[in-house]
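Participant: Quick mapping for you: the protein sequence lines, in order, are chains A and B.
Letter by letter, the first sequence follows residues 0 to 226 in numbering that gives the first Met the number 0.
Letter by letter, the second sequence follows residues 0 to 201 in numbering that gives the first Met the number 0.
No lab work stands behind these hints, which were simulated from the structure alone.
Note that the structure is a prediction, hence the values are computed from the model and not measured.
One or more of the hints may lead you astray.
[As the list claims (entries may be wrong)] Taking lysine-lysine pairs in the DSSO-like style, the calculated list, with each CA pair at most 27 angstroms apart, reads:
no.	chain 1	residue 1	chain 2	residue 2
1	A	205	A	217
2	A	167	A	153
3	A	6	B	107
4	B	108	A	51
5	B	108	A	6
6	B	108	A	175
7	B	107	A	175
8	A	209	B	108
9	A	81	B	168
10	A	39	B	94
11	A	175	B	101
12	A	20	B	108
13	A	51	A	107
14	A	6	B	101
15	A	39	B	107
16	B	168	A	39
17	A	51	B	107
18	A	153	A	20
19	A	51	B	145
20	A	51	B	168
21	A	209	A	153
22	A	51	B	101
23	B	108	B	168
24	B	145	B	108
25	B	145	A	39
26	A	19	B	108
27	A	39	B	108
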Amino acid sequence: MITAERKPFDEILELVDGRKKVLVAGCDTCVAICLTGGEKEAEILASELRMKAQADGREVEVEHTAAIRQCEWEYLDMIAAKVEEADVVLSMACGIGIQSMAEKFEPKLVVPAVNTNMLGMPQEHAVWLERCGACGDCVIGETAGICPVVRCSKSLMNGPCGGSHDGKCEVTTPEKEDIDCAWHLIWERLKAQGREELMYVNRPPKNWSKSSSGGPRKMVREEAKPV
Amino acid sequence: MAEEPQVVEAVEEAPKKPVDPDFEPEIIVFACHYCAYAAADLAGSMRLQYPSTIRMVKLPCTGKLEVIHLLRALEAGADGVYAAGCLEGECHYLKGNLWARKRVDYVKKLLAEVGLEPERVEMYNMSSAMGAEFARVATEFTERVKGLGPNPLRRHGVSPHAAAREAAKDVAMPEEAPAGAASPAPDAASPSAATSQKGPAE
Chain A
0 MITAERKPFD EILELVDGRK KVLVAGCDTC VAICLTGGEK EAEILASELR MKAQADGREV
60 EVEHTAAIRQ CEWEYLDMIA AKVEEADVVL SMACGIGIQS MAEKFEPKLV VPAVNTNMLG
120 MPQEHAVWLE RCGACGDCVI GETAGICPVV RCSKSLMNGP CGGSHDGKCE VTTPEKEDID
180 CAWHLIWERL KAQGREELMY VNRPPKNWSK SSSGGPRKMV REEAKPV
Chain B
0 MAEEPQVVEA VEEAPKKPVD PDFEPEIIVF ACHYCAYAAA DLAGSMRLQY PSTIRMVKLP
60 CTGKLEVIHL LRALEAGADG VYAAGCLEGE CHYLKGNLWA RKRVDYVKKL LAEVGLEPER
120 VEMYNMSSAM GAEFARVATE FTERVKGLGP NPLRRHGVSP HAAAREAAKD VAMPEEAPAG
180 AASPAPDAAS PSAATSQKGP AE
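In isolation and in its complexed conformation, chain B is listed as follows (with noise of 0.2 angstroms):
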């Protein structure tokens, strides 16, 4: 009979990249009008905390968002970019967010290739409801990023979130002004940007 194999040596694991506390990562968020950005507004009036490091890509449908959305903002230096779409099944347009899924996983096949890591993009999925899931995926996400700690394509005076915005401008919707401002601020990380300060929730 066959030897069983014998484990011989157990491999030590890798040590862990350490975290930059100061790290503060820059994350584009293409979010689908109908589902996570409105997430988002409710998130601000429900007064909930999430980190300021997001910048939002307000999109009609993440069915919308192409692959060479993604790869600029990150040629650009996000440090992450992820999709915010409706939930399975519920797509306002049916199958958007499906499609935007299988994109994601492509750009994250690119990543590869060019050696960045993968797990800088990302598709998630929520309601418009869901306000308390989008404080909780941008605080998943940031804390993600944070381990990988920032992108190395990043470069002075170049704004992933313009470069984002560029890319994506003949499909990207106008973003409205946050509650009170008199013109939309051109960096403003949410429709509720008063709400994403840091700081201990109330």
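The following block holds chain A by itself, in its conformation from the complex (with noise of 0.2 angstroms):
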């Protein structure tokens, strides 16, 4: 799923800086889950607010609302009537919510409240990690299901490299301690798998113009479409 992460509270400030009426947004589908961006955490974040303003001397009415999804029109009609009494939504939702709620009811101002982060499988409860990148040309079938785009730190089409050590990364910073080399994890499974010969075939330079660097995306089923 997408996950997301909260903004520092001063940045949050700052873009809603001047506005008398501000609306959290939050979206009930992946933020909530990833505990982010949900109901329950734009009313957290409405209530920090208004204690903010409150403890300042500035009077700001904050409310906060949440769709059941940001990223599509018909839930976005649920909660308009809020959007339009505010000067600034403040969307707790992925990048693609906050972009759905900034169309649908333009030129109303609508910022960000977290930082998109990845999509990501929950390892545990409240830990992330990073499974996909969406990279339009998915490879997993012939490395064993694991992903080199996203688990390999130099999104390597043929590891490992040399920085590969006891099964763990080179790469290593405080906030990403301990990666498990995906190469190691990929030859791992590919041996458990009896499909080692995988791990001798050269893959040629991968086409990124599938993923972002092509442009935005674009996705039509024509067979799908209203008639």
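Fit chain to chain and form the complex, with the hints in mind.
Facilitator: Written as structure tokens, this is what we have:
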């Protein structure tokens, strides 16, 4: 699913600075599951903003709401009335939801309260790991179900590199300690599957034009379009 | 050899905020039904003295306490808020009190963000047999909050206790009337409100 992290409070304050009516809009799908921007978190942020305004002696009205999905027009209709009343909408949805809001309610000012960071998998409660880069040309059929695009720090298509030690990646920062080497994992699983020969396949350079490098992507399913 | 760093000047201690002798804090306590709430009752039965500053919200377990409950109470002007749950390892629901501690810690961070003192929230643990501990905690926290001074968000006519109850209405338990009362007093300080009067202990 899409994961996001709340922006630092000071940055949020700057984004809504000078506005009298703030609507904090949560999204009850992906960002709610990753405990960042659902209705609960929207209510918490709204409460924080009210407290800050009151402590600073500023008169600001802050309300909160949540759409079931901010990335779909139909669900935005359900919160339209509240959006119309606000001077600024502080969206806690992923980047898709925030842009849907900005487009749907143009020229309403819609600003992000979160940083959308990855397509991740909950490894355990409250821990998410990046699993997909939406590169548009999936290779994990050849790599034992392990994505070298986002799980290899260098996105190597023919790994591992010389920085793999004892199954760990050489990239280590305080925030990213103990990264598994994706190509080590691929090798171990290919062995378990009896498909080691795939490790010796030389993969040509990846066609990145199918990822965001090829410009904004568009998907149309003609057979499913309404008649 | 590198020179040892020298202390060039001692930093003067910040002046202590003067404590207003007339300041009577309003403190919200989210109390677990199995321990702190019963401990409050016991403190009453034991005729222990504790400050009349505290207002209880009874929960089936502090694990039901949400971040927003604490925030709503503070936003409504509560001078301090604390959760009182079972001793660690003795939660009736195994880990509710440990969850509560994490949420309280998170609220401390949020308060720092908005410029309020994180010390206005706290988590305490006690068993139902610890009436004296209940009184001690109530006294200690009241003293702490007196030192911090009034919550700058206090507004006339807004009841932090009512706000806390409203915020937690889906999870809070009904409170029993104090012994001898015909109906529950809406703002009763504790199950043994009669014992929470100020004055020297007998």
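Participant: Each hint needs a verdict: does it hold in this structure or not?
Facilitator: Hints, one by one, checked against the model:
Taking the CA atoms of residue 205(A) and residue 217(A), the gap is near 20 angstroms; set against the 27 angstroms cutoff, the hint holds. Pair hint residue 167(A) plus residue 153(A) holds up; C-alpha atoms about 13 angstroms apart against a cutoff of 27 angstroms. For the suggested pair residue 6(A) and residue 107(B), the alpha carbons sit about 18 angstroms apart, so the restraint of at most 27 angstroms is met. A C-alpha spacing of about 14 angstroms is found between residue 108(B) and residue 51(A), which places the hinted pair at or below 27 angstroms, so the restraint holds.
Restraint check for residue 108(B) and residue 6(A): the C-alpha separation of about 14 angstroms stays at or below 27 angstroms, so the hint holds. At roughly 23 angstroms between alpha-carbon atoms, residue 108(B) and residue 175(A) fall within 27 angstroms of each other, so this suggested pair holds. Straight-line distance between C-alpha atoms of residue 107(B) and residue 175(A) comes to about 26 angstroms, which keeps the hinted pair within the 27 angstroms bound. Proximity of residue 209(A) to residue 108(B) is assessed by CA-CA distance (about 42 angstroms); at most 27 angstroms being required, the pair is judged violated.
Note on residue 81(A) and residue 168(B): the hinted pairing holds, with a Cα-Cα distance of about 25 angstroms set against a maximum of 27 angstroms. At most 27 angstroms may separate the alpha-carbon atoms for a hinted pair to count; residue 39(A) and residue 94(B) meet this at roughly 21 angstroms. With a C-alpha separation of about 23 angstroms, the suggested pair residue 175(A) and residue 101(B) falls inside the 27 angstroms cut-off, and the hint holds. Taken as a hint, the residue 20(A) and residue 108(B) pair is honoured in the structure, with Cα atoms around 25 angstroms apart against an allowance of 27 angstroms.
Distance hint between residue 51(A) and residue 107(A) is fulfilled; the C-alpha atoms sit about 24 angstroms from each other, no more than 27 angstroms. Our distance criterion of 27 angstroms between C-alpha atoms is met by residue 6(A) and residue 101(B), whose separation comes to about 21 angstroms. Taken as a hint, the residue 39(A) and residue 107(B) pair is honoured in the structure, with Cα atoms around 17 angstroms apart against an allowance of 27 angstroms. The hinted pair formed by residue 168(B) and residue 39(A) meets the criterion: a straight-line CA distance of about 15 angstroms does not exceed 27 angstroms.
Note on residue 51(A) and residue 107(B): the hinted pairing holds, with a Cα-Cα distance of about 14 angstroms set against a maximum of 27 angstroms. Our distance criterion of 27 angstroms between C-alpha atoms is broken by residue 153(A) and residue 20(A), whose separation comes to about 45 angstroms. Between the alpha carbons of residue 51(A) and residue 145(B) the distance comes to roughly 22 angstroms, so the proposed pair stays at or under 27 angstroms and holds. Between residue 51(A) and residue 168(B) the alpha-carbon distance is near 25 angstroms, which keeps this suggested pair within the 27 angstroms criterion.
Restraint check for residue 209(A) and residue 153(A): satisfied, since their Cα atoms lie roughly 18 angstroms apart, inside the 27 angstroms limit. The suggested pairing of residue 51(A) with residue 101(B) holds, with an alpha-carbon distance near 23 angstroms, which does not exceed 27 angstroms. In summary, the hint linking residue 108(B) to residue 168(B) is supported, as the alpha carbons are separated by about 25 angstroms, within the 27 angstroms threshold. Between residue 145(B) and residue 108(B) the alpha-carbon distance is near 21 angstroms, which keeps this suggested pair within the 27 angstroms criterion.
Restraint check for residue 145(B) and residue 39(A): not satisfied, since their Cα atoms lie roughly 31 angstroms apart, outside the 27 angstroms limit. For the proposed pair residue 19(A) and residue 108(B), the alpha carbon gap of about 25 angstroms is at most 27 angstroms, so the pair holds. Between residue 39(A) and residue 108(B) the CA atoms are separated by roughly 17 angstroms; this keeps the pair inside 27 angstroms, and the hint holds.
Violated hints, in rising order: 8, 18 and 25; the structure is consistent with all others.
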